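Residue numbers (full-length UniProt numbering), protein chains in the order written: chain A, 1 to 157; chain B, 1 to 169.
If you are wondering where the hints come from, they were derived from the structure by calculation, not from laboratory data. All values reported here derive from a predicted model rather than from experimental measurement. All C-beta atoms in this analysis are idealised placements derived from N, C-alpha and C, irrespective of residue type, glycine included. Check the hints yourself; a few may be wrong.
Claimed, not checked - Taking beta-carbon pairs under 8 Å as the criterion, some of the chain B residues facing chain A (in silico):
hint	residue
1	Pro17
2	Ile20
3	Trp74
4	Ala108
5	Leu133
What the hints assert, rightly or not - Under the rule of at most 27 Å between Cα atoms (straight-line distance), these lysine-lysine pairs were calculated in the DSS-like manner:
hint	chain 1	residue 1	chain 2	residue 2
6	B	Lys60	B	Lys161
7	B	Lys60	A	Lys65
8	B	Lys56	B	Lys31
9	B	Lys47	B	Lys31
10	A	Lys37	B	Lys64
11	B	Lys100	B	Lys161
12	A	Lys37	A	Lys154
13	A	Lys65	A	Lys37
14	B	Lys60	A	Lys37
Here is what each chain is made of, one letter per residue.
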Amino acid sequence: MQVKGINWSSVFNAGIVFTRSLSCFYVLGTYGAFLSKVSGPSMFPTFSGQGDIVIVEAVSRWLGKISSGDVVICIRPVDPRENIIKRVTAGENEVVVVYPDRDHADIRRVVVPAGHVWIQGDNPTHSLDSRQYGPVPLALIRGRVLLQVWPTLKAIA
Amino acid sequence: MRAWLVDVSKQVALTLPVAIAFTDLIASVVKVEGPSMQPTFNPDSRKGSDWVLVEKVSHKLMYKYTRGDVIVLWAPDNPRLQIVKRLIALESDLVWDDRKQSAEEIGAGHCWVEGDNSRRSCDSRTSYGPVHLGLLEGRALCVIWPPSRMGWVNGELPPGKVLTTSKGR
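So that you can see chain B by itself, here it is in the shape it has in the complex (with noise of 0.2 Å):
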C-alpha cells in the first residue's frame, strides 16, 4: 500500500510539470464566458457556455500573430483575467475606431482587439486602446463543447475596419 502511494506520488511530479507547461505553451481548453463574442461565441446566452480548444505555440513560442484570428489574451486591467477577442490590427497598421470616428496608428509592439458582439464588448474600442502583444496568449481554434455547437472558428477579418496594413508578422 505504502509503495503504491510512493509510486503514484512519484508519478504524479513527474507528469505535473510536463502538464503545465504543455497548457501553458502549446495548448488548451478555455471556457468562454459572456456575451461579447455573439455570435461567434454563446450564440444564445441562455444556453451555456461554450468551451474552446486555444493554440498557444504560435503567440507564446513564434511570436507570429495573424489579423483576423480569435484570440485569448490576459486583461490589460486585471492580471488574473483572460478575456476572448478578435485580433483586427497590428503594429504599424491604421485602423478605424468607429467609437471616436477617427483613424488611430497602432504602435510598435501594439495591437488592436474587438469583440464580435460591438454593443456588449470592453475592448480596444471601448477600454484599453492599442493592447500589449505581449499579452496575447493564443488562437481560438474550435468549439469542442457542447456536442451541438462543435466546430472551427471562423478567422476572417471583418471588412472596413484596418485602413491600411503594414507588413504581415
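Same shape as in the complex, but just chain A (with noise of 0.2 Å):
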C-alpha cells in the first residue's frame, strides 16, 4: 500500500509564483496603471455612474505632475479604506472662491496650503468634496484619469 504525502516542494513553488503575482499587480498599480469602475453621480456627465470603467495612470502622482483640470482617483479624505473621483479644480497656491451651501453662509476665498489640491465633482450639486472636507494633500492622489473603456471609449481630459 502506498501513501501519498503532500509534496511540499510543489506547494512552495506555488506559493514563490503566486507571491510574485501579487506583487507585480501590486507594482503595476500602484507605479504604473490599473482600471477603475466608477459609481456614483458626482462625476456626471463626465462618467455615468453606472459602472464606468477608466483606466489610471500613477506615474504623474509620482512625478508631481498633478494639476487643474486632471481627473483624478483620490484616497477619500473622511475614510482612508475608500477611494473616490473627483476633478482638480484648483493647485497649489491658488485661490479658490467658493459659493454658500448648507454648512456654509457666506462666499469663502480659500488659498491652496503647499503640497493639497482643491478637488470638486463634475456634478457639483451631487458631490460631497472639497467644498465641504477642504483641501487634499496630493500624498492622498492615487492616479489621473486617461481613458474611459466603458460603456464608451474617449479620452478624459
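Starting from the two chains in their separate frames, assemble the complex, guided by the hints.
Given below as C-alpha cells:
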C-alpha cells in the first residue's frame, strides 16, 4: 500500500509564483496604471456613474505632475479604506472662491496650501468634495484618469 | 557569460516587484532625521541618526490605528517627504491643543499627531491640524542601528492630551 504525502516542494513553488504575481500586480497598480470602476453621480456628465470603467495612470502622481483640470482617483479624505473620483480644480497656492452651501452661509476665498489640491465633482449639486472637507494632500492621490473604456471609449481631459 | 547575464537579470526582474511590494506594504527600515522625536529618536543630535524598523501591515492593509504608537506618515504639505510623529488622537476624540489652549474634536478619517520634542516639532499643533489617516504608512517598532541604541520603541500615550476618546479602531 502506498501513502501519498503532500509534496511540499510543489506547494512552496506555487507559493512563490503566487507571491510574485501578486507583487507584480501591486507594483503595476501603484507605479504604473490600473483599471477602476466609477459609481455614484458626482462626476456626471463626464461619467454616468453606473459602472463606467476607466484606465488610471499612477506615474504623474510620483512625478508631481498633477494639475488643474485632471480627473483623479484619490483616497477618500473621510475614510482611508475608500477611493473617490473627482476633478482637480485648483493647485497649490491658487485661490478658490466657494459659493454658499448648506454648511456655509458666506462666500469663502480659500488659498490652497503647499502640497495640496482642491477637488470637486463635475456635478456640483450631487458631490461631496473639497467644498465640505477642504483641500486634499497630494499624497492621497492614487492616479490620473486617462481613458474611459466602458460604456464608451473616450479620452478624459 | 551571456547566459549568466540573462539568468541574473531574470532573477532581478522576478524579485524586484516582491521587494517593492514588501517594503511598501509589510515592513521597511527608515532613517530618522532631525530633533522632533527626541528623546525617543536621535537623543543626542551630534551622534548621528537612528535607523528604525517600520511595520506597515496594520495601517496599509488592516487600517488599524493605535493611540500612542510612533508612526511614519507622508507630510501633509509635501508628497515626497515622510515624517515620524506620535499618534495622539483618532476620529471623534477630543484632544487638548496646548498651543491654542483649547480642545478640538477630530473629524472623520483624521488623527492628531505630535512630535515627542514639543519645542522642535512641526506637527498637528504647529502647522498641520488634524491629519488624514490615508497619509499614515506604518508603526515604528524598534531602533536597529546604531547598536548602542538598539531597542523597542515605547508606545505610551502622553498623559493629559486626549480628553475623551471614542471607541478604538
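(request) Would you list, in rising numerical order, the hints stated earlier that this structure does not obey? (result) none
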